[in-house]
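One line per chain: the protein sequences are A and B, in this order.
All residue numbers for the first sequence refer to UniProt numbering, where the first residue is 1 and numbers rise by one.
All residue numbers for the second sequence refer to UniProt numbering, where the first residue is 1 and numbers rise by one.
For the record, the hints were derived by calculation from the structure and aren't laboratory data.
Please note that a few of the clues may not be correct.
[Unchecked claim] Under 7 Å between C-beta atoms, here's a sample of chain B residues computed to sit facing chain A:
1) 60
2) 94
3) 121
4) 155
5) 156
Glycine included, each C-beta is placed from N, C-alpha and C at the ideal position.
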Amino acid sequence: MLGFVARRLALLVPILLGLSVLLFLWVRALPGGPAEALLGERATPEAVARVKKLYGLDRPWYEQYLTWVGNVFRGDLGVSSRTQHPVVEELLRTFPATVELALVAMVFAVGAGVPLGYLAARRHGTWIDHVSVAGSLFGITIPVFFLGYMLKFVFAEKLGLLPTDGRQDPLLDAGHPTGFYVLDGLVTGNMEAFGDALAHLVLPGVALGTIPLAIVVRITRASVLDVLHEDYVRTAEAKGLAPATIRGRHVLRNALLPVVTVVGLQVGLLLGGAVLTETVFAFPGFGKFMADSIVARDYAVLQGFILFTAVIFVLVNLLVDVAYGLIDPRVRVT
Amino acid sequence: MSTPAPSAFLELRDLRIHFPTEDGLVKSVDGLSFKLERGKTLGIVGESGSGKSVTSLGILGLHKGGRAKISGEIWLDGEELVGASQDHVRTLRGKKMAMIFQDPLSSMHPFYTVGQQIIEAYRIHHDVSKAVARKHAIDMLGRVGIPQPDKRVDSYPHEFSGGMRQRAMIAMALSCDPELLIADEPTTALDVTVQAQILDLMLDLQREFNSALIVITHDLGVVAELSDDILVMYGGKCIEYGTAEDIFYRPEHPYTWGLLGSMPRLDREPTDRLMPIKGTPPSLINVPSGCAFNPRCPYAGRTAGKATTEVPQLLETEGGHLVRCHLPREERRGIWENEIKPMLEGQ
Ligand SMILES: Nc1ncnc2c1ncn2[C@@H]1O[C@H](COP(=O)(O)OP(=O)(O)OP(=O)(O)O)[C@@H](O)[C@H]1O
Ligand code: SF4
Ligand SMILES: [Mg+2]
Chain A
1 MLGFVARRLA
11 LLVPILLGLS
21 VLLFLWVRAL
31 PGGPAEALLG
41 ERATPEAVAR
51 VKKLYGLDRP
61 WYEQYLTWVG
71 NVFRGDLGVS
81 SRTQHPVVEE
91 LLRTFPATVE
101 LALVAMVFAV
111 GAGVPLGYLA
121 ARRHGTWIDH
131 VSVAGSLFGI
141 TIPVFFLGYM
151 LKFVFAEKLG
161 LLPTDGRQDP
171 LLDAGHPTGF
181 YVLDGLVTGN
191 MEAFGDALAH
201 LVLPGVALGT
211 IPLAIVVRIT
221 RASVLDVLHE
231 DYVRTAEAKG
241 LAPATIRGRH
251 VLRNALLPVV
261 TVVGLQVGLL
271 LGGAVLTETV
281 FAFPGFGKFM
291 ADSIVARDYA
301 VLQGFILFTA
311 VIFVLVNLLV
321 DVAYGLIDPR
331 VRVT
Chain B
1 MSTPAPSAFL
11 ELRDLRIHFP
21 TEDGLVKSVD
31 GLSFKLERGK
41 TLGIVGESGS
51 GKSVTSLGIL
61 GLHKGGRAKI
71 SGEIWLDGEE
81 LVGASQDHVR
91 TLRGKKMAMI
101 FQDPLSSMHP
111 FYTVGQQIIE
121 AYRIHHDVSK
131 AVARKHAIDM
141 LGRVGIPQPD
151 KRVDSYPHEF
161 SGGMRQRAMI
171 AMALSCDPEL
181 LIADEPTTAL
191 DVTVQAQILD
201 LMLDLQREFN
211 SALIVITHDL
221 GVVAELSDDI
231 LVMYGGKCIE
241 YGTAEDIFYR
251 PEHPYTWGLL
261 GSMPRLDREP
271 TDRLMPIKGT
281 PPSLINVPSG
291 CAFNPRCPYA
301 GRTAGKATTE
311 VPQLLETEGG
321 HLVRCHLPRE
331 ERRGIWENEI
341 KPMLEGQ
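Taking the hints into account, I'd like the entire structure generated from these sequences.
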């Protein structure tokens with residue numbers, strides 16, 4: 001198992017090197033550049049040249065690339081041309097926000113999706129089944145920003161049950177040692193801040209989790225239906241096992257395998273940022289920050305953030321593979 | 001119950017298992033009756049789709065509620081099971097009656113070790129600690145001839161060979177000393193030498209436990225040595241029933257002759273079958289009128305039209321030997337003695 005993990009991590013090196021070159025060329029191929037974006041349309045060529053020189057953009061791209069790679073190895077991702085803050089700092093500020101949001105979305109999707117999908121399969125062909133199939137289709141097709149605005153309008157603006165935007169009530173005196181606001185509330189013993197941070201996550205979490213929820217319902221339903229017809233379930237019945245034990249021990253564990261794959265894939269996607277959700281709820285996360293950086297042609301941020309996303313994606317996939325091996329002895333890796 | 005409890009250990013009376021489907025009613029088992037005593041073996045033989053598995057699942061009460069229409073009576077040790085509650089039948093499964101399935105790889109759970117699965121089966125019916133159940137599992141694995149059972153108990157099914165897996169399956173089925181054991185094609189997935197070993201093993205274990213054994217197969221060769229009695233099934237019905245001697249030395253039904261003629265023999269190429277049965281098994285929805293075998297029967301013309309108009313009854317020909325055919329007894333015996341037997345022996 002350890003060897004397997006090590007080999008997979010070693011594979012990261014060529015992947016990241018290849019990706020970084022493509023990335024480097026891609027951001028530079030975008031029309032315009034950071035200087036033009038900073039100075040606006042009416043900038044003089046002299047001003048543009050000055051800014052370019054400041055960021056080293058006047059040198060050949062491979063020189064820039066080598067400098068950048070060298071810095072990356074020292075943990076320096078450069079400085080944002082838009083905010084003038086170090087990219088690492090921006091990463092540490094926005095990524096925890098997105099992690100919290102993604103976790104809430106996944107807890108919602110899995111927590112509701114697995115039971116619903118399971119129920120639909122158990123009641124195969126009944127109205128419960130039809131409703132959940134139709135509902136999940138609806139969940140996949142409804143545009144996220146529309147759903148986000150609806151949730152915000154109803155639960156925050158009309159009913160006033162939940163906050164409309166942001167991560168924390170600015171009037172609260174809350175410390176943020178880790179950057180994970182929910183965790184910060186706990187760490188600093190400030191339960192009010194903890195509750196407030198959690199409340200800020202509910203609506204964006206639901207908006208973001210709806211598509212994964214719909215997918216999880218469908219996958220769970222399909223795989224439970226498959227497993228229910230497996231011979232080993234019949235064997236379990238033939239032994240005289242109680243139906244509840246059969247469901248828990250013999251059906252669900254197998255049925256969850258495809259769910260694990262899908263959840264892993266979704267987590268990877270969600271961690272890449274949720275631009276629409278973060279925009280609707282003015283949630284200062286990774287996706288929103290990156291979208292703004294594209295507009296500003298913020299090369300350092302784009303390079304750093306996308307590279308980081310790639311690392312996260314590979315790690316999540318590795319986690320899924322390890323989980324697979326833990327669940328299914330036939331694919332247990334050595 | 002309408003009728004008093006029988007004295008036989010297991011008795012089926014007019015068992016019918018029908019499945020309503022979009023295409024029509026599938027009559028998988030249609031009026032099956034037989035008796036079986038403890039310590040005896042019944043072989044049930046028939047082509048694919050004749051209703052053998054549906055019958056055995058029916059005895060164990062494993063047909064999903066609502067999907068199957070079941071009527072008739074199943075008496076096991078003085079208790080009627082068709083009308084009994086699901087919960088009660090469940091308490092009998094594993095302990096009173098157990099089953100060995102055809103494909104041990106797909107029939108064992110891939111995520112649990114062989115030991116865990118035997119332990120689970122044992123602890124359903126015995127209130128013992130895991131450690132005690134584990135000792136019992138190792139013991140059972142040893143009894144069915146698995147080498148180093150104390151090590152193999154922790155292997156997963158996919159780490160076993162086919163034959164070993166079937167042994168483990170048998171160990172699991174026998175872990176609670178069932179009084180009725182049903183083996184549904186226990187050796188079909190195995191090669192010939194392993195087949196013989198597994199059959200021997202089942203026979204030994206049956207003698208040891210004095211259980212009633214039903215062996216289901218499409219291969220008469222498998223039940224030849226094993227069975228006291230043999231039931232030949234066709235289209236969900238019994239078409240011939242008798243002792244193993246009756247079936248092998250005095251068979252009277254044209255379908256049984258066909259099965260005997262198509263029996264693979266070691267001294268012949270498998271492809272070179274003496275007298276294969278022509279045509280395909282009957283539809284269980286639109287069963288041929290009259291005798292279900294008539295479209296494939298070479299003697300259908302000799303029954304004065306009755307083969308296609310009248311369903312033949314299962315009648316006793318001699319001393320418990322039952323046959324379902326319109327041909328007069330003497331004519332059947334004549335055909336067997338003068339046509340079929342010489343042809344089979346001629347090879
Ligand atoms: N749940 C079901 N719904 C509808 N039809 C069914 C169902 N189960 C079995 N059947 C049908 O009943 C018939 C008998 O099936 P069964 O499995 O008993 O055959 P078998 O004699 O065991 O054959 P094989 O040698 O292939 O195992 C088949 O035609 C099958 O399609
Ligand atoms: S009743 Fe007629 S068709 Fe049926 S088996 Fe006998 S001879 Fe053949
Ligand atoms: Mg079968």
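A quick look at each hint next to the structure:
Annotation: residue 60 of chain B was flagged as interfacial toward chain A, and the flag holds, the nearest CB pair being 6 Å apart, inside 7 Å. The beta carbon of residue 94 of chain B comes within 3 Å of a beta carbon in chain A, closer than 7 Å, and the hint placing it at the interface holds. Taking 7 Å as the C-beta contact cut-off toward chain A, the hint placing residue 121 of chain B at the interface holds, the least distance being around 4 Å. This hint is violated: residue 155 of chain B has a C-beta 10 Å from the nearest C-beta of chain A, more than the 7 Å allowed.
A least Cβ separation of about 5 Å between residue 156 of chain B and chain A falls short of the 7 Å threshold, and the interface hint therefore holds.
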